[in-house]
Each structure stands twice: as C-alpha cells, then as structure tokens.
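**Q** So you can see what is in the structure, the chains are spelled out below.
Protein chains: 4
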Amino acid sequence: MPGNSFGQFFKITTFGESHGEALGVVIDGMPAGIVIHLEDLKKELKRRAPGQHSVHTSRKEEDLPEVLSGVFENKTLGTPIAVIVRNTNQRSEDYSQLKDNYRPGHADKTTALKYGFRDHRGGGRASARETLARVIGGYFAGLIIPDVSTYAYIQQVGPFQLKVHPENHNVDRGEINIPDEAMTKDVVSFLNDCKAKGESAGGIVAVSIKNCPAGLGEPVFDKIKADLAKAMLSLPACCGFSLGEGFSFAHLLGSEISTNSSHFGGIEGGITNGEDIHFQLVFKAPSTIGDKAKSGRHDPCVLPRVIPIVEAMTKIVMADHFLRQSAYDSFLP
Amino acid sequence: MPGNSFGQFFKITTFGESHGEALGVVIDGMPAGIVIHLEDLKKELKRRAPGQHSVHTSRKEEDLPEVLSGVFENKTLGTPIAVIVRNTNQRSEDYSQLKDNYRPGHADKTTALKYGFRDHRGGGRASARETLARVIGGYFAGLIIPDVSTYAYIQQVGPFQLKVHPENHNVDRGEINIPDEAMTKDVVSFLNDCKAKGESAGGIVAVSIKNCPAGLGEPVFDKIKADLAKAMLSLPACCGFSLGEGFSFAHLLGSEISTNSSHFGGIEGGITNGEDIHFQLVFKAPSTIGDKAKSGRHDPCVLPRVIPIVEAMTKIVMADHFLRQSAYDSFLP
Amino acid sequence: MPGNSFGQFFKITTFGESHGEALGVVIDGMPAGIVIHLEDLKKELKRRAPGQHSVHTSRKEEDLPEVLSGVFENKTLGTPIAVIVRNTNQRSEDYSQLKDNYRPGHADKTTALKYGFRDHRGGGRASARETLARVIGGYFAGLIIPDVSTYAYIQQVGPFQLKVHPENHNVDRGEINIPDEAMTKDVVSFLNDCKAKGESAGGIVAVSIKNCPAGLGEPVFDKIKADLAKAMLSLPACCGFSLGEGFSFAHLLGSEISTNSSHFGGIEGGITNGEDIHFQLVFKAPSTIGDKAKSGRHDPCVLPRVIPIVEAMTKIVMADHFLRQSAYDSFLP
Amino acid sequence: MPGNSFGQFFKITTFGESHGEALGVVIDGMPAGIVIHLEDLKKELKRRAPGQHSVHTSRKEEDLPEVLSGVFENKTLGTPIAVIVRNTNQRSEDYSQLKDNYRPGHADKTTALKYGFRDHRGGGRASARETLARVIGGYFAGLIIPDVSTYAYIQQVGPFQLKVHPENHNVDRGEINIPDEAMTKDVVSFLNDCKAKGESAGGIVAVSIKNCPAGLGEPVFDKIKADLAKAMLSLPACCGFSLGEGFSFAHLLGSEISTNSSHFGGIEGGITNGEDIHFQLVFKAPSTIGDKAKSGRHDPCVLPRVIPIVEAMTKIVMADHFLRQSAYDSFLP
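Residue numbers (the working numbering), protein chains in the order written: chain A, 16 to 348; chain B, 16 to 348; chain C, 16 to 348; chain D, 16 to 348.
Quick caveat, the hints were computed from the structure, so don't treat them as lab data.
It cannot be assumed that every hint is accurate.
Note: identical chains are not told apart, hence a pair may lie in one copy or across any two.
Subject to a maximum C-alpha distance of 27 Å in a straight line, what follows is the list of computed BS3-like cross-link-like pairs (lysine-lysine) [said to hold, decoys possible]: (1) Lys114 to Lys90; (2) Lys309 to Lys124; (3) Lys124 to Lys225; (4) Lys124 to Lys90; (5) Lys307 to Lys61; (6) Lys75 to Lys57; (7) Lys61 to Lys225.
One chain only, chain A, in its complex shape (with noise of 0.2 Å):
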C-alpha cells in the first residue's frame, strides 16, 4: 500500500493523519546549497491555514514548521529535508459514536474497506489537513526554479464565474483568491450563506505557468500534462484537469486550433514547449453539509484555501522534471 511519495528526482514522502501526533513531509533530492528562508515557507504555510476568512472552517490552526533534517546554516545539504507540523488543535471530544458511522462522500467507508482499521476521529490520511506536507514540499520546489513563476486563481465557485482571467501575475487575488472584485464580494457573500445553512459549493480553479523552460516532459507516460494530471487528482475533492481549452476542444475543430498554438496550453506532444502554461482544475462541494456543517468547523467551500496547495503541487512537478531534463543538459547540441 504504499503511496505516499511522489516525484522522481524531487520526491516528497509525506506522512501524518488528522488526529495523530503530527503530520510532516520528507523531501529527497534537494539540491545543495540554496538559502532557505523560513519566513517564506511559513507565509506559504500560512496562505494555506483555516480559520482567517469567514468562508474558511472556524477551526483554528498554527500549523508552526519545524526543520529535522536536510538544512545547516540556512542553507540545504543536499540530503532528505525533513519537516514536521504539531497537531495542536484536536479537541478531546469523544469520538466513540464515529466509529461506525461512515460519513457519506467521505473517504470513511472505502478506508476501513480498504485497510480494515482506521482512526474514527477524523479523516485521517484522506483529512484535507494532509496537504499542509505538500505546502511544504512545494516551497522547496520552488527553489530549484525560482524563475518559473505559478499563479492560480479561482475561476468559478458555484454559479460564480470569472469574466475576465488575468493577463500576468502581478494581479491582486483579493481575500480568498479571486482576481476580481465584484466577484470577490459576490462569492464571500455566497460562501457565507452556504455557511449559515449548511450548504457547501465546489467550483473550478486556473493555474498559469509563466517563464517555464522548453522541453520538460517525459513521453511517453511521463509527459507533463500527465503528471500535472495526477498531481491535482491526487487532491482531496479534485475531480477533474484540463489543459488549454480543455473540455470546450471537444467542440472546437482543427481549423480553429492549429493556426495558433496558444489554444494547447504551453504543452504539444507532452512537452512544454516554453510559452505560458495553463489548465483547470474542478473541486467538488464538501461532502459535510446539513446541521453537522452548521457547527462552522468545516470549510463550505475548499477553493479559497486550495490555491497554495494547487501552487505548490504545481511547483513540485514542475521541479522534478526540471532535475529531470538537466541530468541530459551536456548532451544537447
């Protein structure tokens, strides 16, 4: 049963449940050498924590990390880096009427199926609280590339969709991650609703690539959008990826694509091929609704919070097949 790392030459192995002692990630392949700053990985790590918009879970989270290994001087050695985060906030409720209860939508059921034992105070591995490792492991990420630029955003939430997407990086994404306004508001006051009647909403969300070299990719099954693929389906609630025009290709006809290679999303041939890489991804609704969700220790909506976590995902795969493609750099004409 082991699944619990991913990447080739940037390998992140995570670890930890909901309600156990701590949750954590090892990275294995960090290069040598390059300044860390823990300030920055925090401010990811914070970008990520509930409990700072109404629309978020009330749930409060310190989340503090703690370097083990892998870090001297500020700067990484090139062996594993180990980081952990203390589960501080796990209430000393009793649980005991959870055992046989599988909550519907919930990873509950297929768990104890799956394993035949499991920890009934929460969701354990299948706990969105697993994705804090991945915050983690995308901040080292980004430090093997720091000029590949990521950038996603929400695009729709419920019946909420962005009109307009953002041309460059630099635009604002507000308080919980939209680039615009008016949409802004609408959502807050959406999610809100949702909130106060124990409703939940999914939506959809963008990633933008700037920056990122020609010739990332493995064919024939490791090409980028298949990894990018199985990176955010590896997501809690994520139920969809699609790249460039996505589901709307199925309409769309060679005449009215292949003139301008803009319409395939930064990738031909499961390559990048060094313009600007976009794709989608779907999130569905939270499946704890009714009096349950009205106790307000639930996010109503996973969007606001998954972009960090999308980021960083993105960054991952993105490293790892850069480490991948330097390994042939002096063969190269």
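Chains B, C and D: place on chain A using the hints.
**A** Chains B, C and D in isolation, oriented as in the chain A frame:
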C-alpha cells in the same frame, strides 16, 4: 529521460517510433499460469487498426503481434512478456523536406527542443502509432482482472452529443464506438465531410467500469483517480480527465451530491467503493488539417479509434492496483 | 540526488544528520491492524545504542523513538509510520577547525565533492548514527514476517575467528554478539587494547535466517541475493557480502557443492528455496585512529553494535519480498 | 513479480527465456544524438558468445543483435532503444523427461515453487543466456561515459591464482581473460580436464575502473558500492562482492588502512573519490556436472565468458549514477 514505463506491479515498458523497425511492449509483473488467446489479442489490435472505416485514415497497417517471451504452451510464465509489431507501411518517399518543418500542434518542435535530434520522417514516439503497445498491454492486464468489465464509448464529437448513456456494457457501439444509431449516422457523415475538407474534430469519451472490487487505490498520491488521470493524459491528444459529475461539480451544491454516492463516480477518498466507476476524457481535434489532411492518410478525429486504447489503459491501471492491494490481502481481518 | 528510500512494498525513507535536530524514518507500505509494542522497538534501539560496553564509544545517546503517525490505539493504520529520534548529545564545542579538515577514510571529502556544501560538525548522513532509522524500520518489518527468524553474530574480529557456528538461534551471543564465551573474552580484551592505543579493527558478521518461505526474490535483477547485497553494502563500513560458501566458492569444485543444496545458502537462482539462508559481511576498521580515537568518543570496531542493524536490514529485505510475492499468491495453482 | 528493470536514469528492462523466441532489452534514458557503431556492439556480444574456445560450452549461438527502435541514421533518438537477439540454437529434442526433474543447484525447483509453472526445456530466465541483454545494455551505457575505462579479469579459477594484478587497462587478457600467460595455460588445461571429467570450477573476478569522476553515488541506500553489489549479485552464479581490500578488511587494523585512501577501492562514504575503483566477485562452479556435463554443451566454468558481462553491468551502474549526479551539476558552486 526515461518515461516509457507505466505501473508498479503490472508494469509496461513501451518502445518504437512510427517510422522505425518495430514497436512493442515489455510487460513485467504478469502472474504465471494464465492462459492467453492470441486471437483475442489480435482482435483488440484490430479494434484500434486504421483503414477500416471511411472516417479513419486510409493508411493500412497489419499490426501482427509477435510474442517473443514470457509465454510457453499458451500460458504465461510469470517472466516478462515481450510483444512486437513490425512497421510495414512506411512509404519510401522523400522525407527530407520535413526535416526543419515543424508542424503546428504536433510534437515536432518540442521534440527538437528537448532532444536536439529527431526522426523527422514522422511523429516518432508522439505518433498515435505508439498506442498499439498499450493495447497489447491492456489485453494482458485484462487477464488479471477477468471479472472487471471496462466499457468506453464516444459521448461527443464536435457538435454531436450522446443523449442517453448506456446502462450496461452489452449495448452495441456500432461501427465507430457510439452506442446510438442516429448519432452514429450523424457523426459518420460529419467526419466524412471533415475529411473531404481537410478539417478535423475533437470530442469526449466516457468510460464505465463495472464489477471493480472495493479498496483499490493508494493514498495519498496513487489514488485511483490520480493514476487513471495520468494514464489518460499520457495519451496523445487527450486534454482532460474528469471523474463522476466532472466539471459539472463546479456548480453542484453539497446538498445535491452528498446524499447519494452515485455522483462520485465509484471512487471516494481516492479509493474504489465497489460501485460502478465513471469518468470522461476530452480529446482535441488532430492538428493535421488543410491540404495535407486531404491526402486521406490522417484521421479527421481520434475518437473512433481511441476507444480500445482508453479501455487498455483503464485495465492496466486497474490490474496494477488490484495486484498492489492483493499484497495486503492476508493482513485483512 | 534522491537515494534515501529502500524497498518497493515495504519502503523506508530515512532522514537526519548526526548533528542536526533529529533523525527518523517514514515507513510506507505497512499492513494495517498490526499490534505494535513500543517497548520492543526501544529494546531494538538499545541493542544498537553506544556507551553500553567498554568496547563501545563512550558517547551516550538516549535514542528515544517518537511515533508521529501511522499508529492508532497501538495498531498500525496502513498509513505511513513516521518515527523520529532527537539528537541530544551534540556537544556545543567549536567545530570550526573541522571545516576544511577532511578525515581520511571518511565521507568528508567525497561529500564536499558531491554536494559542494556540507555540515562539517560531523559525519552528517555518513555517520553511523544514520543507522538507527534502519533499526526502527527493521522492527516494523519484523512484524510482517513474525515467523521468519533472523540471527546475526560476529564471526571474526581482527585476528580472532569463531570456530563453531551456532546451529540455532537460541544460542546466547553474550555481551558483544559473539556466540562463544572464550572468543568474547579475547575480543573484549583486544578491543579495549585497541581503544587505549587509538587503534581500530574490522571483522566479519555472519547472518542466518530460519523459516523463510520459499519463492521470495524477483528475477532477474531483484534476486533476493542482489537485494540483500545492496542492503548490506549500503551500511557504513561494509565492504563485502557473500552468500553460502562465499569466497570459498572460488576453489570449490562442482562435485563438491552440487550434490547438496546446503552450500547455496538457501537461495537458488536468486530465489529462496525454503532452507536456511546464510550470508556473510565484512566491515572495515573505523578510520578514526590515533589521538582523536583515544578520546574514547569513537568505536574501535563497528561489529559489536552493527548486529541489530544487520538484522534490521535483513528483515526489511525479507518483508519487502514477502509482500511482493504475496501480490501473486491468488494466482498460484 | 516485476524485477526485470535495473537503473533509475539509465534503465534497462530485459526479457526472454533461453528456449523462447528471442531475448532482448529495452534501454530507457539514453541521451539523444550519440553515434552508435553496430560493429562494436557485435564485438561485445562476441566476447560473451559461447563455442569460441575449448573451455567454453560447445554450443554455438550466433547472437545477432537487431535494433528495433531508438536509433535513426546511426544516432540515438533519446527514445527507448529496443534490441533483440533471436534464439536459433534450441534443439528440437524431447524435453518432456525434464518436466519434473529439478536439477540441483539450478533455479528449476525455486522457479516451480515461485511461479507454479515453468518452461522445463531450459533455464528460462535463470539461464546464463539472459545475460546477453545486459551486454547490449552495457554497450550503450559505455557511450554515455566514454572516458570511464572498465577492465575486468580473472583473478582465480579453482586452485590457480593471479600473482600480479595488472596496473593498467592495456594489459592483454589472452584467450580467456586472464592477464598472465602462464596462468592462462594452467587454467585452460585445468578446465579442459574438468570438461572431460564432467567436473566444474568456480573462481574470482577482479574489476578495475579508471577515470571515474568523483561524486557519484547517492547516500544512504544508493551508495555506489551498494548499487555495484546489487548489479553483480544479480548475475547468475555470482555469490559474493567485495570492495577494495575486500574480506581482508576483517584482519586489517585501522592503522594499516587509514593513512592511505588506496585501500578503500576508490569509494569513500559510498561516493566515488576520483581514484581508481577496485572490486572483486566470486562465482560458484556450475551445477551441471557428471554425465550431463560431459556432453560438452555446458561451460565447466563461467569465468572466461563472464568478463564482458561484468564490465557491462559495471558500465550500466556508472552511467546511471553519472546521469543522476548530472541533474544537479548546475547547482554546484
């Protein structure tokens, strides 16, 4: 640049360029003692073969599989199974004018950027011809999970959409893998028209899996949805994957989906729940259009021939995860 | 530079430098529902701990394991098990004079050449301290194959050789893991003498495995002898591995060995045959000698403390191959 | 049961049974644009071929390599290189009496135990014939590291030992890979005698690598010594690997080895130090003895023909680690 292997336990490694000597696959991890039927394998290859319908490329390829190893007296040995298919249809034409001519929307340019050297006579590994190795792999994967039924079909081509999804896997998919006679007629006529004009079209494929055991999929990165997404996005022209309600999840509220697990496409928490699995794929229109396309030696649309390939990749993912989970069977209570 | 994971199904990923915050291991692929005993794990770590005998380094390390994940109510969850051990014994001495001082026979110089940057305060990942993570991994591996008995012992230290090999695994290995009282006395006296003089010694370890199922080992590269050899040669100071009659095979004729499978060490064709497995390892004398060694903070010989580490690596290999073979159990006739 | 791939970046996957259609290898991770010389590859295969000397098996195999993919206009494409060799020398004899006849010291019994089904006509994957795929892989590996010189030779056969080790790689290894004329004579006569009697012999191979860059090898599990050990122990009949002073380290004191790095065989801390690399291997006597051996269709000793195979595996390990380290080159100060 190794990227030509897929799977952990049921592992295929493919090779071969469109204009080289041969293409093939090595299957490592096949259980021993399983009876094979070469005729069934040939049938699968024939489902993928071009030149069989007016909407296909007119190029004919015989695609005779030759089993080089791993089988003795029609039974698998548990050793690697190597199967090759010779290329017999390369025309001895003059390819020199293609040398520095990068076709838009193809892998020509990115291949040159990545490797610094390429076989300019054709698509090389980016050619759809590569996928026959996957069909061979899929045949053997299917023998591992004989009770799991995989059924893919065309849901949309250009402007034409399927109105009713087939409920079971016996529904006839007609001459071009559309389980609806009227739509088949429309699409055949539309694609013949495209072919005549040098136009091309995209579309959507739907996949249904029945009788899949619960418990397959490995949190947190090798979730079954993540591995299916990778498998599918590794296919040429595939630009999107979605599970269950797919991109419709964007506007569906929690209350609309969480009462009934059928919306989740048979996968919860990244693990199969024992219900039917449903996912969709989008394929873009082929980039070869205009005068070159009018030669008839190109498919105006990949969907009619992609169905057996999609089924093959599905079986490969499921067989691999079936073996992965089987390793732990004896520890289940 | 990722190289800190070992195993396919029972997979450990280790981290931590000798002078960093902590060392640890993530175990991925542990079956669920297995009862663990923290006291047994501590006992294993204690077998490896320094400072417990006059022939050890006088350095004391408490080595308290902290389980961060993967265990709930004393049972494994099937999720990754992370265990860390804090470093508590780094002395706040001035290490600056070691910065450009490469100790001969250590990894100092090669680490600098490879990474361009290193933690000069100690051996980093090349320190024997790294091996405690393997002992933790070995404890959990042992729980997967409880019936397989692994027994390692000292066969030679410097000029002293064991005359009679123990026939079973109950034989007491005395204070420094030599199953012979007289030889123990000789070696203790010899090593104390070495320590006083700033001298060091090497030796040979023998390993016996009883009750191992037949059929483990994967041709042609993951033969069980190949994976055991890799596991052992990955240990600091280990310079050789040999199976069965080992280097004596050089002069043994076919007629002397082929009538009786006992010579082959329990492995034929790279696969376990169900008989007892026997192999040997050679370890070189520690490179720290002379005045520096006289401080007492270095082992004059690694063998007394290496025994539990060798057993741990053995169990990790066997548990991994046990799970690999188990995936195919249901296909056996 | 997948176990037929070796290497991370320069990765070979081999297939083929001794009595099947063909054997072969797929090489994934080859850099593009490298000129290949088919004649050089054939020369390497010929060095391994049987039937060329009186001390070989009299079985003749032509071993014509056919390159199926990955090469265009005599240059590598960066795509997988598949090379096959047909089996042409299987005799159409009646093998049925071998069906339940497990030859002692062979893989017959363990193969049956592991897989429950086997090709009883010969050794299958356990046959030494499998190694020709490795020789092909080694040829391509050598092209990646053209400046690294690998030189293996026989150090001992039965009672005969080499007295002086060759200092450089130009020393002629004579007709059976012994760099000493007198010893060659003795061993030829000894092995011819063995052959006549149906006897067999083992021996030791020494390997020297010159001009290897420093910094290769990945702590802590993929140390270069660990991967070399695995590579060698994966060879049929190989029963031991030792580095530098090898098993003599058992009695060498620290003061005898630590003043001079030459004892360590070119590897410190598991990483190459830029000096010459030295290691040794022991091979057991073939298990086919007696009347069956007298037929002449079996080698009385594997060592004369194992030399090119050992060199091939050495190059595969070094090329793989060269690429692994190259990925990080741009980060070195």
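**Q** Now tell me, hint by hint, if it's right for this structure.
**A** Results of checking the hints against the structure:
In the homo-oligomer, the alpha carbons of Lys114 and Lys90 lie at most 27 Å apart only across protomers (15 Å), although the nearest pairing inside one protomer, at 45 Å, exceeds that limit. Taking the closest pair of Cα atoms, Lys309 and Lys124 come within 27 Å of each other only inside a single copy of the chain (23 Å); across copies the shortest separation is 54 Å, beyond that limit. For the identical chains of this complex, Lys124 and Lys225 are inter-copy neighbours only, at 19 Å across copies versus 41 Å inside a copy, given an alpha-carbon limit of 27 Å. In this homomeric assembly, Lys124 and Lys90 come within 27 Å of each other (Cα to Cα) only across copies, at 19 Å, whereas the closest approach inside a single copy is 44 Å.
For the identical chains of this complex, Lys307 and Lys61 are intra-copy neighbours only, at 26 Å inside a copy versus 47 Å across copies, given an alpha-carbon limit of 27 Å. For the identical chains of this complex, Lys75 and Lys57 are intra-copy neighbours only, at 15 Å inside a copy versus 35 Å across copies, given an alpha-carbon limit of 27 Å. Taking the closest pair of Cα atoms, Lys61 and Lys225 come within 27 Å of each other only inside a single copy of the chain (24 Å); across copies the shortest separation is 43 Å, beyond that limit.
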